[in-house]
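Peer 1: The residues making up each chain are set out below.
2 protein chains.
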Amino acid sequence: MLDDLDRRLLEILVKDARTSLKELAAQVGLSSPSVSERLRRLEERGVIRAFTVEIDPLALGYTLQAIVRIRPLPGKLHIVQKLIEEIPEFGECDKVTGDDCFVARLFVRSIGDLDGILDRIADKAETSTAIIKAQPIRRRPPPLDATASRGAKILQAS
Amino acid sequence: MLDDLDRRLLEILVKDARTSLKELAAQVGLSSPSVSERLRRLEERGVIRAFTVEIDPLALGYTLQAIVRIRPLPGKLHIVQKLIEEIPEFGECDKVTGDDCFVARLFVRSIGDLDGILDRIADKAETSTAIIKAQPIRRRPPPLDATASRGAKILQAS
DNA sequence: GGCGCCGGTCGAGATCGTCAAGCATTTTAC
DNA sequence: GTAAAATGCTTGACGATCTCGACCGGCGCC
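For the record, the sequence lines run as chains A and B. All letters in the first sequence, in the order written, are residues 1 to 158 by UniProt numbering. All letters in the second sequence, in the order written, are residues 1 to 158 by UniProt numbering.
If you're looking for bench data, these hints aren't it; they were derived computationally from the structure. Please note that a few of the clues may not be correct.
Any copy will do: because identical chains look the same in the list, a pair fits if it lies in one copy or spans two.
[Stated by the list, open to error] As a list, the in silico DSSO-like pairs of lysine-lysine whose alpha-carbon atoms are at most 27 Å apart: (1) Lys95 to Lys133; (2) Lys15 to Lys124; (3) Lys124 to Lys76; (4) Lys133 to Lys76; (5) Lys82 to Lys15; (6) Lys76 to Lys15; (7) Lys95 to Lys76; (8) Lys82 to Lys22.
Whole structure, please, built from the sequences with the hints as guidance.
Peer 2: Structure, rendered in structure tokens:
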């Protein structure tokens, strides 16, 4: 589905999405129209979801981040989900298996804001919140090359 | 620190990091050299951490994502952190307050891989894993305008 | 008031992207 | 087995874009 050239292009773009076609072309050994066409198709196929910019939340005044686990009260699942989506300080939310239904990332400017936001969910869900103290790994894509971890095994008797 | 023009530039770039200077200039009502200069300074100041591309993990064969909470055994904190950092399938990791020391996102191609990777940590930490079933909110930046949620309150008797 | 800095514009030259045409290789169909 | 069609690439030319230097105006500060 993705050939080696595509992967190399992606690798370069992950580091700098504004790399010029010419530069990309030089690095992978193609002409720029070819690169242009490949990018177009990667976007078209949805492999590239977006070219975007990573902003330091601190620069916007968000001095605090938290991971919030959210367990909606019976019957409130959809309302809670909608509520979360509408609160822009939630910067990420996953619906997961297990007791916690949602795990979300929250950006806030102060502890007061944190409290204010959690209050808005409090009557519809139980939450448990963990403040982020450090970020050992900031968002990065999984390995692009097919050679991921050796873990590869099929479900079978071990 | 950031003026309105900067914020508007960021807003446009979040949606498409490859927007041309000319287009940016037109949208905010400046000349392109000015925009260029502003971007340069935003990068320099670290407001813009990177221009990057968002890749669909599925396109790379990662059919499964999980949130893993990790509690290193006594004395193993640093070893565990290093281990996590070295496993490229961890696409994000936060060090948090509370019983769980780390919360991480894991990209895998199969349940077998998931098991394989968790095994590598099993003797140094307790983990609890939640498989991601859906992503109500995919990574997005917090509000750029100063008018965040009304939550704003200072710590005080309520 | 005069000075210097900051952030802006303008215009020219250099760079880059896009388009059409054409070519080689592979696939498909008969 | 061969011919047609489809892919994916290159090249070169043209138009669009970026960058750089020169210059300008507002603002804070002696």
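Peer 1: Confirm or reject each hint.
Peer 2: Hints and how they fare:
1. With identical chains, the CA atoms of Lys95 and Lys133 are at most 27 Å apart both within one copy (23 Å) and between copies (6 Å).
2. In this assembly of identical chains, Lys15 and Lys124 lie within 27 Å of each other by CA distance neither inside one copy nor across copies; the values are 41 Å within and 32 Å between.
3. For the homomeric pair Lys124 and Lys76, the shortest alpha-carbon distance inside one copy (6 Å) is at most 27 Å, but the shortest distance between copies (38 Å) is not.
4. In this homomeric assembly, Lys133 and Lys76 come within 27 Å of each other (Cα to Cα) only across copies, at 18 Å, whereas the closest approach inside a single copy is 31 Å.
5. For a Cα distance limit of 27 Å, the shortest separation of Lys82 from Lys15 across copies, 22 Å, qualifies, whereas the shortest one inside one copy, 34 Å, does not.
6. In the homo-oligomer, the alpha carbons of Lys76 and Lys15 never lie at most 27 Å apart, since the shortest distance is 41 Å inside one protomer and 32 Å across protomers.
7. Proximity of Lys95 to Lys76 under the C-alpha cut-off of 27 Å is restricted to the intra-copy arrangement: shortest distance 14 Å within a copy versus 30 Å between copies.
8. Neither within a single protomer nor between protomers do Lys82 and Lys22 lie at most 27 Å apart by alpha-carbon distance, with minima of 44 Å and 38 Å respectively.
Hints 2, 6 and 8 from the earlier list are contradicted by this structure; the remaining hints agree with it.
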